[in-house]
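S.K.: Given next are the chains, with one letter for each unit.
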Amino acid sequence: MKKYLILIAVAVAFSAGVLSCVQARTIKITSRSKGVELELLRKAVDEWMAIHKGKHKVEIITLPHESNNCFAQYQGWFGAESCDVDVLQMDVAWVGVFSDYLASLDEYCTNLDMNDYFDIIKENMYSNDGHLIALPLYTDCGLLYYRKDLLEKYNRSVPKTLEELYDTALYIQTEERKDESKKNKFYGFIFQAKAFEILTCNFLEIIDACGGAIVKNGVAEINSDKGIYAIEFLIKCMKNITNRGVLTYSEEDARGIFQLGNAVFIRNWPYAYTLMNGPSTAVAGKIGIMPIPPSASGGKESGALGGWFMTVSKFSKNKALAADLVIYVTSKAQQKLRVASSYLPAFKSLYSDKEVLEINPFIANMRESLLNAVARPSKSFGKNYSKATSEIFNTINTILTDSLDESPEDFKPQRLMKRLNDKLNTLIKKQNEKKTDAANDNGKVGFFKRIMNCIS
Amino acid sequence: MRIRKVETSKAKEKKTDFSNWLFLAPCLLVLILCAGWPLLRSIFFSFTNASLDNLNQTDFIGLENFVSLARDRDWWKAVLNTFLITCISVPLETIFGMVVALILHTNFKGRGIMRAVVLVPWTIPTIVSARIWGWMLNDSYGIINELLMKASIIDAPVAWMASNFLSIMSMIVVEVWKTTPYMALLLLAGLQSMPQDCFEAAEVDGVPFRKTFVSIILPMMKPTIIVAVIFRALDAVRIFDLVYILSSGNNANATMSVFARRHLVEYQDIGFGSAAATALLFFIAFLTVLYISFNKKKLNSLD
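So the sequences go chain by chain: A and B. Note that the working numbering has the first sequence beginning at 118, numbered continuously upward. Note that the working numbering has the second sequence beginning at 1354, numbered continuously upward.
Note that these hints are calculated values from the structure, not bench results. The model shown is predicted, which means the values in this text are computed figures rather than measured ones. We put the beta carbon where it would ideally sit given N, CA and C, even for glycine.
Chain B is faced by these chain A residues, among others (derived, beta-carbon under 10 Å):
| hint | residue |
| --- | --- |
| 1 | Q192 |
| 2 | G193 |
| 3 | D522 |
Computed cross-link-like contacts, DSS-like style, restricted to lysine-lysine with a CA-CA straight-line distance of at most 30 Å:
| hint | chain 1 | residue 1 | chain 2 | residue 2 |
| --- | --- | --- | --- | --- |
| 4 | A | K465 | A | K496 |
| 5 | A | K353 | B | K1430 |
| 6 | A | K356 | A | K270 |
| 7 | A | K535 | A | K547 |
| 8 | A | K431 | A | K546 |
| 9 | A | K529 | B | K1430 |
| 10 | A | K431 | A | K239 |
| 11 | A | K299 | B | K1503 |
| 12 | A | K547 | B | K1430 |
| 13 | A | K151 | A | K436 |
| 14 | B | K1430 | A | K546 |
| 15 | A | K174 | A | K151 |
| 16 | B | K1430 | A | K535 |
| 17 | A | K265 | A | K277 |
| 18 | B | K1575 | B | K1462 |
| 19 | A | K529 | A | K417 |
| 20 | A | K295 | B | K1503 |
| 21 | B | K1503 | A | K356 |
| 22 | A | K353 | A | K300 |
| 23 | A | K535 | A | K356 |
| 24 | A | K546 | A | K496 |
| 25 | B | K1503 | A | K300 |
| 26 | A | K547 | A | K431 |
| 27 | A | K353 | A | K270 |
| 28 | A | K356 | B | K1430 |
| 29 | B | K1575 | B | K1650 |
| 30 | B | K1503 | A | K302 |
| 31 | A | K449 | A | K471 |
| 32 | A | K471 | A | K160 |
| 33 | A | K302 | A | K265 |
| 34 | A | K529 | A | K353 |
| 35 | A | K151 | A | K496 |
| 36 | A | K277 | A | K295 |
| 37 | B | K1430 | A | K540 |
| 38 | A | K453 | A | K170 |
| 39 | A | K535 | A | K333 |
Just chain A, with the same shape it has in the complex:
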């Protein structure tokens, strides 16, 4: 009896799944849950449903914290041509990678003012053949947060270079640790070095601030002098001014340390600003922000370009409705609301909007940062981007771990950097080959595919 019940339950669940795909009155939208993102989206979605007088329903699917896992999830959905999800929240670096699976939004977005978007964001909104496939929900840029009160207390100025950042952090850390209660838990500089996408962003900023690049003109340059300088800077930080735990930290873990008042500097995204200034933190009102400073050896102010887009799946059964929802949640009015929680708008005009500046004065400085932002090299790797970024963060994480664990004689970061550089170049080559391959046998269905179709 029990068995039958289980069988029936399975059958019902299965048919419910199939039906919901067909009936199509429910829009399924994915959302990240970092900080207050989920709440904000839920609010926007409720408004949208109210506008439609409850005729359509929206179901929010929460994504995993680490964006690599979202990426994998999306590949799974797209690979299976799944209609389980209509609207997908997507990292800026992925739009190019997934462009084949995204519905064109051209016909639904005829009255959007495209010129109001930042150029670096606009570059990522279109597919290779010029269709609009993504609208930015908010944008993001890596920032350096500092403790104003501590800099004042020790009479230090805001660092103008990476080297100065290091010196100041080391000095304040040494001084603060003289206090018995902070002896072993106060740090100069906290960043995120968990072997995930976030580490690629962290490293990208440092290498950019040192004047280098991960990929330049289609060639990997991570092993250049500037790349080596960048990794050596991080090693130096690792050894002297940071917590060993950063090797396992993503954004939220790092935020915790800073929020408890246990660090002078932290690198994080803008979303952390409001949260760290919240009523229950030890640092509210004592936080300053600035871009990642350039290295004294040459380079520029930097910040990794982050930010999330909303896209519509090609396999969605309700594209028009989904596009309508996307346009609603990414509209200027919605982005204005997000400003209160320090999510940066993608519209240039909002940065000089009086109301916006009143809600969150912090926004004013961000325009400059966004103009200086550096994008991840996802386009050079195409579909191999997940492999490339994984090679990058694994190697950097290994180097930083080894720098603490191995004896100085055994520790050879250069060898690992060279290997990483070679691997990245192989991946770029593969991507270029794929492009030409695809161009050559356009539309040919192979013998193998036919077998695959039969058996699957």
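Following the hints, position chain B against chain A.
M.R.: Then chain B, alone, in the frame of chain A:
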């Protein structure tokens, strides 16, 4: 008369033989569909360069995946990690499990409740307990650092997951915590099926417990222990969720199944990932063969 009887029983046997298969059929069918087919498919994929996003351009490439697997440092690191975890955690679990089983075997008040309580770590889904341990092991607000510091065992917080050695060791501790109850349960079942008169005789003769344990309990428990160890080893070789949740994500502390997942899911490399999964299958098959051959021996000795 006699001959007839034999014949009917043979016919009967045939009949039951057939109905045996009939009753087995649904189960076999489900097994073939749910286990056999995906298994064969993944073995088949391991000889191709299939990639999840583009199955159109899939070709047979023979053993190429296995060759590059054999050359992949990360893979061998994962194999090493897996065996390290298995070889350290399984013996520890057996020892602790034995201790717990012996305690639960004695007569004391509230034994029934204790038996249930001991099982708690095993009943919590691994994903949940891994998260809980992740928080407990956190270097800045974890309770473990706090306790160790209060007890003056360490004087600065330790980042348990930030070094290869420590993270493997921490995972082993969690794994032992989690599976000792299971081991205890298996061993307790073995203890209870032992004839009680041996114990009573030993007690009457005033044999010290240590001697009873070494010369009575251990030899009689040997089959149970071996089966339990092989069961656990099979499980430990596939260890996934714990590592996936706890580790810093670096390849250097991945296990075989984490490695296979990374290539299959994150890199879309169905071919190579399947090759890794197939190699893992061979390790498991080896252990299973060990188990079956042992079982056969045991059955034969019973006959």
